[in-house]
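If you want the building blocks of each chain, they are given just below.
There are 2 protein chains.
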Amino acid sequence: MTRLSSWRIAHGHSLALSSFDPSAKPFSQGDKATDKARIAELSEQIGAVQERLYATRQRSLLIVLQGMDTSGKDGTVRSVFSGINPQGVRVVSFKAPTQEEREHDFLWRVHRHVPAAGEIAIFNRSHYEDVLITRVKGWIDDAEAERRLAHIRHFEQLLADRGTAILKCFLHISKDEQKARLEERLADPAKHWKFDPADLVERKAWDDYQCVYAEALSATSEAHAPWYVVPANSKTHRNLMVAELVLEALQGMKLEPPQANPALAGMKVA
Amino acid sequence: MTRLSSWRIAHGHSLALSSFDPSAKPFSQGDKATDKARIAELSEQIGAVQERLYATRQRSLLIVLQGMDTSGKDGTVRSVFSGINPQGVRVVSFKAPTQEEREHDFLWRVHRHVPAAGEIAIFNRSHYEDVLITRVKGWIDDAEAERRLAHIRHFEQLLADRGTAILKCFLHISKDEQKARLEERLADPAKHWKFDPADLVERKAWDDYQCVYAEALSATSEAHAPWYVVPANSKTHRNLMVAELVLEALQGMKLEPPQANPALAGMKVA
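Going down the list, the sequences are from chains A and B. Counted from 1, the first sequence has number 80 at position 80 by my numbering; the numbering is strictly sequential. So my numbering is basically just the index in the second sequence, starting at one, shifted up by 1000.
Some hints here could point you the wrong way.
BS3-like cross-link-like pairs, simulated, lysine-lysine; straight-line CA separation at most 25 Å [as the list claims (entries may be wrong)]:
id, chain 1, residue 1, chain 2, residue 2
1, B, 1036, A, 36
2, B, 1137, A, 268
3, A, 175, B, 1268
To give an idea of the chain B side of the interface with chain A (calculated C-beta under 10 Å), a few residues [as the list claims (entries may be wrong)]:
id, residue
4, 1109
5, 1182
6, 1222
No lab work stands behind these hints: they were computed from the structure. Just so it is clear, the structure is predicted and the values come from calculations on it, not from any experiment. For every residue, glycine included, the Cβ atom is placed at its ideal position computed from N, Cα and C.
Work the whole structure out from these sequences, hints included.
The following block contains the structure:
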């Protein structure tokens, strides 16, 4: 699908995120109401394919959501995945690592949460944090970043070899849009719980983040684990595009319907 | 609510499940369409309270679903919990224990999956299997069953002391209804994946299961962790009653809206 491919990151090509417009709406079909109707339709289709995924238990799907603060990771989960059967779907939110997690390699805490056959797992933040904030803060040097990016490639290949499809979405907002969203949270006491003053510190390093994001995306976008830039200044468009990508990833598995079991022929229930 | 209390198991009173009609519809408001509309309404209300639970991160909710094969544990999850934000809800299905799990006490594998503050966890089967199938098969004697029931009471008290509300639902179907559902699965190749010939073996022990269920429910139904018998021959009624119970449990927490944070007063976004 060409609409998709122009937002897919090519492996190994250096890239500038500024060349992607965060206000673009490549998947919009017109007004917001039309787009919301399409999201509802996609959500239903995702639900139907998920049932098949769950019933056949051969393949699995890992969805990675990354983006700057307020880019809408939580909102995407709520919009795209509400409406599907929570049995067979797991959302895993990765926070700052605990003491025990820091005493292991950086993929240890992630590995235990990857989806089993039949499952969808959604990572709200992920192992990519370990090549993002760590670089911006200077906690690791370039050589260590290179090693980690290679480990990520090998790790994702391991998952793909076991039948896991991997879809990675970078929710792309502008610095102005982040300002508006942070101000909205400050202005509304009911949204204070979403506001962390540390977000203002990260915001000061906006350009550095854009830079390390670009490097990480380029170094780890592979045919079996592509990165997509999702223009996310419009929440509706962001949800719409992620839903399209998820359905595409599920349909790409070409799952057969559950098979009849010949051993059950002629069996009677007493 | 009196409708609820007459289906709640009283602690320590001996009981016969045969005194509960699996075809009853105490929560029905008339025809199926009306009941389905009510389920949709409840699902929306559950979603709204769940947001508050998630935002305030003080309390948590554990929902235990038990019942004979085909009683509709999976279907209940799909119907009642599709439509709410999967972030903050986890469904855990307990299968036959693994070797590692068998090498620990019976609550070990369960404990790690209980809900954190702000979360809802749904157990599809649970630690109760360890006082059900184990007794029917004669793997444990009465003294061990007594010990385990006491451990379950203490364990659930531990969770309640930390702020976890516990709701336990026994999905109650008749032996004839199970026959019809098993035959339906056999007749439809697309449902073969749900059919396990071992279910026919368990079915032969139907009366034994009803008996050990009655003992377990009576021994572990407490004010902070009540068991409800949910008449489940009608799938719509089953979903409706579980949704009413879940909303009641959430509302019983009397969650306050998220609080304003005074530390954010006057803060500016640069």
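Tested hints:
Simply put, residue 1036 of chain B and residue 36 of chain A have alpha-carbon atoms about 24 Å apart, close enough for the 25 Å limit, and the pair holds. Proposed proximity of residue 1137 of chain B and residue 268 of chain A is supported: the alpha carbons are some 23 Å apart, at most 25 Å. The hinted pair formed by residue 175 of chain A and residue 1268 of chain B meets the criterion: a straight-line CA distance of about 15 Å does not exceed 25 Å. Checking residue 1109 of chain B against chain A: minimum C-beta separation of about 14 Å lies over 10 Å; hint violated.
Annotation: interface hint on residue 1182 of chain B holds; nearest CB of chain A at approximately 4 Å, less than 10 Å. Against a cut-off of 10 Å between C-beta atoms, the interface hint on residue 1222 of chain B is violated, since the closest Cβ of chain A lies about 27 Å away.
Violated hints, listed in ascending order, are 4, 6; each of the other numbered hints is respected by the structure.
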